[in-house]
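Put chains B, C and D with the ligands on the given structure of chain A with help from the hints.
Each protein sequence line maps, in turn, to chains A, B, C and D.
Just add 1045 to wherever you are in the first sequence, counting from 1, and you've got our numbering.
Just add 1045 to wherever you are in the second sequence, counting from 1, and you've got our numbering.
Just add 9 to wherever you are in the third sequence, counting from 1, and you've got our numbering.
Just add 9 to wherever you are in the fourth sequence, counting from 1, and you've got our numbering.
A portion of the hints provided could be inaccurate.
As the list claims (entries may be wrong) - With a straight-line Cα cutoff of 27 Å, these simulated DSS-like cross-link-like pairs (lysine-lysine) come out:
| # | chain 1 | residue 1 | chain 2 | residue 2 |
| --- | --- | --- | --- | --- |
| 1 | C | 241 | C | 153 |
| 2 | C | 91 | B | 1276 |
| 3 | D | 91 | C | 213 |
| 4 | A | 1278 | D | 91 |
Simulated from the structure, these hints should not be mistaken for laboratory data.
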Amino acid sequence: MHEQTVQIVSHERDAESYFRLVLRAPQIAPLIQPGQFAHVRILPLKDALLRRPFSIFQVAGDTFSILYKNVGKGTQALSRMRAGEELSVIAPLGHGFTVPKAGGETPLLVAGGYGMAAMFLLAQRSTQRGIVFVGGRRRVDILCEKDFAAIGWEVRVATEDGSHGEKGFVTIPLLAELKRTAAKRKLFACGPTPMLKAVGKIAEDFNMPAELSMDEHMCCGVGTCLACVIKVKAGDSWEYQRTCTEGPVYDSRQIVWEGTK
Amino acid sequence: MHEQTVQIVSHERDAESYFRLVLRAPQIAPLIQPGQFAHVRILPLKDALLRRPFSIFQVAGDTFSILYKNVGKGTQALSRMRAGEELSVIAPLGHGFTVPKAGGETPLLVAGGYGMAAMFLLAQRSTQRGIVFVGGRRRVDILCEKDFAAIGWEVRVATEDGSHGEKGFVTIPLLAELKRTAAKRKLFACGPTPMLKAVGKIAEDFNMPAELSMDEHMCCGVGTCLACVIKVKAGDSWEYQRTCTEGPVYDSRQIVWEGTK
Amino acid sequence: MNLSVQIGKLRMQNPVTVASGTFGYGAEYARLIDVNQLGAVTVKGIRLNPVPGNPTPRTAEVTSGMLNAIGLQGPGVDGFIKKYWPFLRELKVPTIINIWGTTVEEYAEVARRFDALGGVGALELNVSCPNIKEGGAQFGTDPKLLSQVVTACRAATTLPLITKMSPNVPNIAPLAKAAEDAGSDALAVTNSFPAMAIDVNTRKPKLANITGGLTGPAIKPIAVKLVWEASKAVKIPIIGMGGIQNADDAIEFLMAGATAVAVGTANFYEPQTSLQVIAGIRDFMEKKKISDVKEITGSFLPGK
Amino acid sequence: MNLSVQIGKLRMQNPVTVASGTFGYGAEYARLIDVNQLGAVTVKGIRLNPVPGNPTPRTAEVTSGMLNAIGLQGPGVDGFIKKYWPFLRELKVPTIINIWGTTVEEYAEVARRFDALGGVGALELNVSCPNIKEGGAQFGTDPKLLSQVVTACRAATTLPLITKMSPNVPNIAPLAKAAEDAGSDALAVTNSFPAMAIDVNTRKPKLANITGGLTGPAIKPIAVKLVWEASKAVKIPIIGMGGIQNADDAIEFLMAGATAVAVGTANFYEPQTSLQVIAGIRDFMEKKKISDVKEITGSFLPGK
Ligand SMILES: Cc1cc2nc3c(=O)[nH]c(=O)nc-3n(C[C@H](O)[C@H](O)[C@H](O)COP(=O)(O)OP(=O)(O)OC[C@H]3O[C@@H](n4cnc5c(N)ncnc54)[C@H](O)[C@@H]3O)c2cc1C
Ligand SMILES: Cc1cc2nc3c(=O)[nH]c(=O)nc-3n(C[C@H](O)[C@H](O)[C@H](O)COP(=O)(O)OP(=O)(O)OC[C@H]3O[C@@H](n4cnc5c(N)ncnc54)[C@H](O)[C@@H]3O)c2cc1C
Ligand SMILES: Cc1cc2nc3c(=O)[nH]c(=O)nc-3n(C[C@H](O)[C@H](O)[C@H](O)COP(=O)(O)O)c2cc1C
Ligand SMILES: Cc1cc2nc3c(=O)[nH]c(=O)nc-3n(C[C@H](O)[C@H](O)[C@H](O)COP(=O)(O)O)c2cc1C
Ligand code: FES
Ligand code: FES
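In isolation and in its complexed conformation, chain A is listed as follows:
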């Protein structure tokens, strides 16, 4: 974990309100594990003070990139920044995914919307190929199809409006695949909480392992403020754990869903 003032190397629109931002961060890039995130201070924001967390999307040499959606004032201000401008970044943060190894379970990656960003590095670092299931509301919300294809992964798509791939939630193609076989397979998911909950349920139903990257609002990102907690099983009871530190990735069996959005 380092705090670094980093320069924007490139900044491109991906599709509609999605952007790809590449940052030069020589101290940070080598340390990154799939599923970890960067906590970004968007300096042009002045009356909004907090950092914003983004999954680390890709790593290349001394750079890393994020893939983000413009959803509010922080991402809006970020989207106006240009190559050469600076951000402050604390990264890599959090406890990421267990990288699948050749010969182990086949990874099935499930992503919704910007959740896709957390998946690419996992697929890339995995020595065992698998399938990526990706869902979104419309065609534009389906990200990175080409990127996954380029590293030899199969991609299955579902959109809520049916404009691309199957019509409906991403769990539809996933369930279809699992009905074929769930044996020696493992789920990895990142996306909105209802999707994660659905994936957790599927893992339970098929009695298969799943790692979920949880999306809670964060404040410090490093474990001091206790803002980002979720309920995690502890013996017969539960305890609050910090998704920024103990998470964001959890074994789905650990999670107490009651009380999540």
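Showing chains B, C and D with the ligands alone in chain A's frame:
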């Protein structure tokens, strides 16, 4: 008086920390009188909310310009803005100078630092030529010499460090000139309060008229908040008047100096 | 779509007024906005006699807000009636007159004078100005004194009475209740927060008065909470204010329990704010299919 | 140049600590900054037993600040000693432990336990947390209750006691005095301000707890004024806090009467802040030729 969102037509550094900013403001430009000011909202400032007042420096066609010094967070943010970007402006505001007429008193303009900005339009609109006395700490603080020369006004300079013109305060060349003759002459001054006070004193000593443009911190700029008041004689007593509305220009005999900075 | 609201007998065509002291006496901003589109105009605080106010600097900019210690400069009742009432009387929208005094009797006398004037929309009792030695905040922080002021004014006028509450109390409920019980028709929540700033280079306070009132977006979350707490304590309507910059801010106050809102500090940097807020509330109602603005009042969902 | 200050028996090598609840238990930020350069480390509030804290969302961003309603999640005294004390004990700088309880007896018991532990720098009595039903702000707004808490803790420990004051009182002086008279060695001014925010689209509060504490630059002018008022009321030193982002902010608190300062919310967005503040105070002293930081305390010029 209008509120208008205006575009920056050009923005150039004048000398060191001084900048010239030209704004296209077709509704406002035709209304401007010398000594009036524009109340500017610098939109990139987000946690600093108030407008900043600047004298109107020049008027040309549907544009007007200001000449400002980078002294704090507002002017700093302003100095980073580029042509094409927008500001919100309320102008023209305040009660300006009485424009000298041919055959009337000879105008002697006295300016300190950015106070020079308020003087150019006065000189330009005056049908009676006169002399401009300009003071500053160093050579770079002496603004607009060429602009005044271009409209045929004589400029006398004093710098505190002696790097340009006479060494000392601007009142030195002014006093020298008045000792020659003060008859049928009138002073017009804009600059820091101590300078205005000194000019007021000189006017009293020489029993000559003077109009002073007062520099008080402003908030609304239009007379509602009562932030910008100075003590002005009223019968045997005094009253607070709003420099943004009744001022910023006052006959020096009206001003009660006690309590000013 | 109905935007009108009632503050006691006072009908406002929409729930948006301006905060006392941030809109002069109405005429100043009339050159920049159509004042007749407001729900009401609220003017700067008036006491019986003229008040010179504090020395300068009277305002200072702070992070997302400002400090002021104007010291309630004002023309007194007679001066107001002579200089500003002719303009206000002709407006299509009602005028709320903010009044104060240094004694209970003075409050009542000022109320009586404005009652006699005729045509006034409502009186707002400023019992919470942090910038004057006497007659300021102490009336607004002690339920007994507050009750005396409101009772005396109630006896002096049949005009709607709005009591303007002080923000820095551990619990606003007993004070809100005291004002209601003494006959106040509405509450205004909230006045500015006692605060100060020092210029570390000169070591001088940024206000000549040393302390002043903090206003602007910085205080909004505290003000919203005070409105919510007050609205639970009383049945009378509340005019919410504190840092409103746009329609969402205003709607937040309405949802917290306010019946109307006032735009304050924002007038200084963006004189169009109050009209933008009205337009934005209308848009919100259209989008959310709300036919009466009163449905928004208190509509936030405290349960999860 | 002397930057060290005394808070009762506690010597701090410089006047800068961190605010309780914004620095975890010290270890978390130790990976980003050299914690041993601080004047002291102040840890998150601890009561006798473990506390789960509130449901989420627990924080919300607001203009120039944030709201929090963490609900004092914590490991209890034993959990703290087991999990966090081994790290803190080894630091070269002292630890200030922020403690609370729901009864006077619990405060005293927690104080006794930490007294027995040995090696603790000071205890900070949190009598002003707005986010818990019991044991929170009411101890901090009633001089009698405050006096009882401080008296009981005073009897339980010889460690320096710092009483952390509540901000939303009409007058902080009597409370400050009550804490001093009951044996407090210092005051911490101020805790967060009760506040709330509503998401107008969902109509839900932005915090699960509905209300929370406002902190950050937004509150600085109110906090500076509270420090000034408290410093006039008592002789014991004050640790000033509320919105400190840089050295100028910290110096403003010192000039207003604080002997030390704490960096709070700023840690979250800029973990280097506290060290930058220390460096900036040093620069300021050099520039202004001040040889002892204590000369800055209370040095503002209230007269014009
Ligand atoms: C571990 C983690 C990884 C993430 N990875 C990505 C990613 O790769 N790409 C991407 O586009 N987004 C990602 N997000 C979500 C991203 O952090 C939010 O979209 C972003 O903070 C919104 O900021 P804003 O200022 O634009 O929105 P606003 O709504 O204006 O933000 C207001 C506040 O709410 C917080 N907030 C709002 N939405 C979210 C959210 N969904 N999650 C957490 N905090 C939120 C903001 O951080 C801020 O504090 C991730 C979130 C988490 C927790
Ligand atoms: C009628 C009038 C005409 C002016 N004309 C010019 C001009 O032509 N050129 C020019 O460079 N400057 C002019 N000034 C001064 C200019 O307004 C300030 O330099 C500017 O407001 C500083 O803003 P800042 O944010 O950079 O400084 P900061 O110090 O960060 O400002 C903080 C606050 O103090 C106020 N403030 C600071 N200095 C002054 C000042 N000297 N006068 C008034 N308010 C101040 C700001 O408006 C702001 O509210 C004029 C001032 C007045 C009152
Ligand atoms: C410059 C200024 C002057 C004020 N004068 C008065 C006043 O005369 N009477 C009063 O009751 N409130 C006065 N107030 C308080 C406002 O009416 C309002 O309660 C406060 O500003 C909070 O709203 P805001 O944050 O939107 O400004 C004044 C506020 C400011 C900023
Ligand atoms: C997330 C968070 C948690 C806090 N927890 C505590 C606490 O446990 N005990 C306490 O006395 N104060 C607590 N505080 C208050 C701070 O210590 C401090 O008084 C307040 O944040 C003001 O300083 P700031 O504006 O610099 O943050 C907390 C503040 C925040 C933001
Ligand atoms: S975001 Fe602060 S503890 Fe996780
Ligand atoms: S600046 Fe508001 S009255 Fe002059």
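Hint check:
no. : hint          : in the structure
1   : C:241 x C:153 : holds (20 Å)
2   : C:91 x B:1276 : holds (22 Å)
3   : D:91 x C:213  : violated (48 Å)
4   : A:1278 x D:91 : holds (21 Å)
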